[in-house]
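Protein sequence lines correspond, in order, to chains A and B. Heads up: the first sequence at position 311 corresponds to 311 in this note's numbering, and the numbers run straight through without jumps. Convert by adding 1000 to the 1-based position in the second sequence; the result is the number in this note's numbering.
Derived, one-sided and incomplete: chain B residues facing chain A with beta-carbon distance under 10 Å:
hint, residue
1, P1051
2, S1053
3, A1057
4, G1059
5, T1067
6, P1129
7, L1151
8, V1152
9, T1156
The hints are simulated quantities; they were obtained by calculation from the structure and are not laboratory data. By construction, the Cβ of each residue, glycine as well, lies at the ideal position given by its N, Cα and C atoms.
Each chain is listed here by its residues.
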Amino acid sequence: MDIAINTGNSRYQVDKNGYYGRFGGAYIPEMLYPNVEELQSQYLGILSDPSFQQDFEALLRDYVGRPSPLYFAKRLSEKYKAKIYLKREDLNHTGAHKVNNTIGQILLAQRLGKRRIIAETGAGQHGVATATVCALMGMECVVYMGSIDIERQAPNVARMKMLGATVVPATSGSKTLKDATNEAIRDWINNPVDTHYILGTAAGPHPYPDMVARFQSVISEEIKKQLLEKTGSEDPDYVVACIGGGSNAAGAYFHYLDREAVKLVAVEAGGKGVHSGFSAATTQLGTIGIIHASKTLLMQTGDGQIVEPHSISAGLDYPGIGPMHAHLYESGRAQFLSATDEEALAAAYELSLLEGIIPAMESAHALAKLKDLPLNTDDVVVVCLSGRGDKDLDTYIRHMNK
Amino acid sequence: MQNRIDQLFAKKQHGVLNIYCTAGFPQLNDTLPVMTALQQHGADLIELGMPFSDPLADGPVIQDSSTKALQNGMSLQKLFEQLAGFRSSIRVPVILMGYFNPVLTYGVEAFCAKCAEVGVDGIIVPDLPMAEYENEYRPVFEKYNLHLIFLVTPETSEARIRKIDSLSKGFIYAVSSSSTTGKDKDMKDQQAYFERLKQLQLKNPVLIGFGIKDKATFEAASAHANGAIIGTAFIKAIEHSTNIDETVKTFISGIIQ
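All chains should be modelled from the sequences, with the hints used to inform the complete structure.
Have a look at this one:
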């Protein structure tokens, strides 16, 4: 298992200035420059060091439980008349793909000599994955979480605390994920020397989008090997993933970016409908701007104020997307669709009943678009099942009783 | 015409007082009354905050003022409406401080043109990094004779400070500690850093900001630089003011008397 190192020839990978096409960069205040510059100048060296790769590989295997299975979903395939495989990131330790990144970043933080870890979280999945690796390594952990999300996601707050993390409510602005991210960045400004910021998605200033994508690229690396075994070809016809900031999609697409015969499908959260005023479909509703120090597509007012999105899924409830995905959208390399709250709920119930798998609300968005793809019976479709649905039971139960 | 910031530093090199206030705060139409009072009672420079939903480099006090101003209905367009004609009464240099996203959305050139039209002299955009400015935006700012003012911190290397000095116009904004606005840090810890800046003999004047809140901190900062910037303490002072002029008078007299 190797962490992908860019060969330098890709149209879709980050360039030497930290951009994907016209998106990306590091729009950081000077106070963050030393922190970000340290990462920019060191991350590739650390990631390509054989001892780092050995440690990363060993933890992913023995602690996370990788490789995660690539499961042929027979009854789902019969329903949609195609060969549908699920990449089972839901079976990872902590229940989602998020841990691939936190394992990578905690090892990086150790090599940078950091003693304290901070993170932001929305639904709490990344917060739990960060608190987990901090407990594993015996490092101090502070997680910023919007005060509204703390109320909505009590079980994950309890998990983080049990794992020894301090959960700090973000009470500014709209009191959700974007504000938690602001607070984490502020903490980093005030603690420039001993602290590493484990950002949870493929967004933020360069090198985070690239670094997170590389740690998550283990997903598509495994898909290639597993598909070769099962079908005789590394390449599926479609790779389908949900997108909030875009880390599971970045990992699922990574090794297919330059294999243009593989169709990449990104599913955003349509909320109550793309034009309902309650949506998180960034490519449909967004324009170019700066969010969390990255030039990308984001949802904003005509005055350039960032707006609060809506999705039933806290993990997709983000007003921007990572710069790689903005570039995949603009270049046409990936097809962007959106699934409404209702479509995602229906897909979650369908997978539960057809395959005995309760998916995370986020992953259900990806499943929800199987019905809209022009599939042929021979098409091989890989859906990234980014997480399990335990955390969403309250939402599912509420819907069940309707 | 020579930029007003340059005119100011040509005649005053010591104890320059720059006060920050968020535009549209505490009430939407307080922008001009606050500016008028600041000039009247002795501020040398006025820094007006353009409110933003996600002000990363600011602490809670300034962020809350920004949120309040947005709730009041402040926007860039509204700000330029308020500033139309302000040069008939206000002579001191005026700087707009804000984040890059609203400027980008307004259009960088349209923004610069509007600043020049109403009589703004300089801009502080903390999240517009030097490299991006140099590669893409510098000609536009220079075309409209707008000074872009960069920040330096105690962690900024000498080579980078020199580079910032070569790109900066007007003055350099020395952040007095690696912190968001409104944090208390012991001034003494910062003195070695201020001394180091002084020794570099930069071409631009230096104003010290962040953590300046009263006469003592203002004088300590002024001893090592050309002056200082007060933001958070001023926002706290006018937050609940019922008489802007009186509040500003009392605040400034507590600093420079």
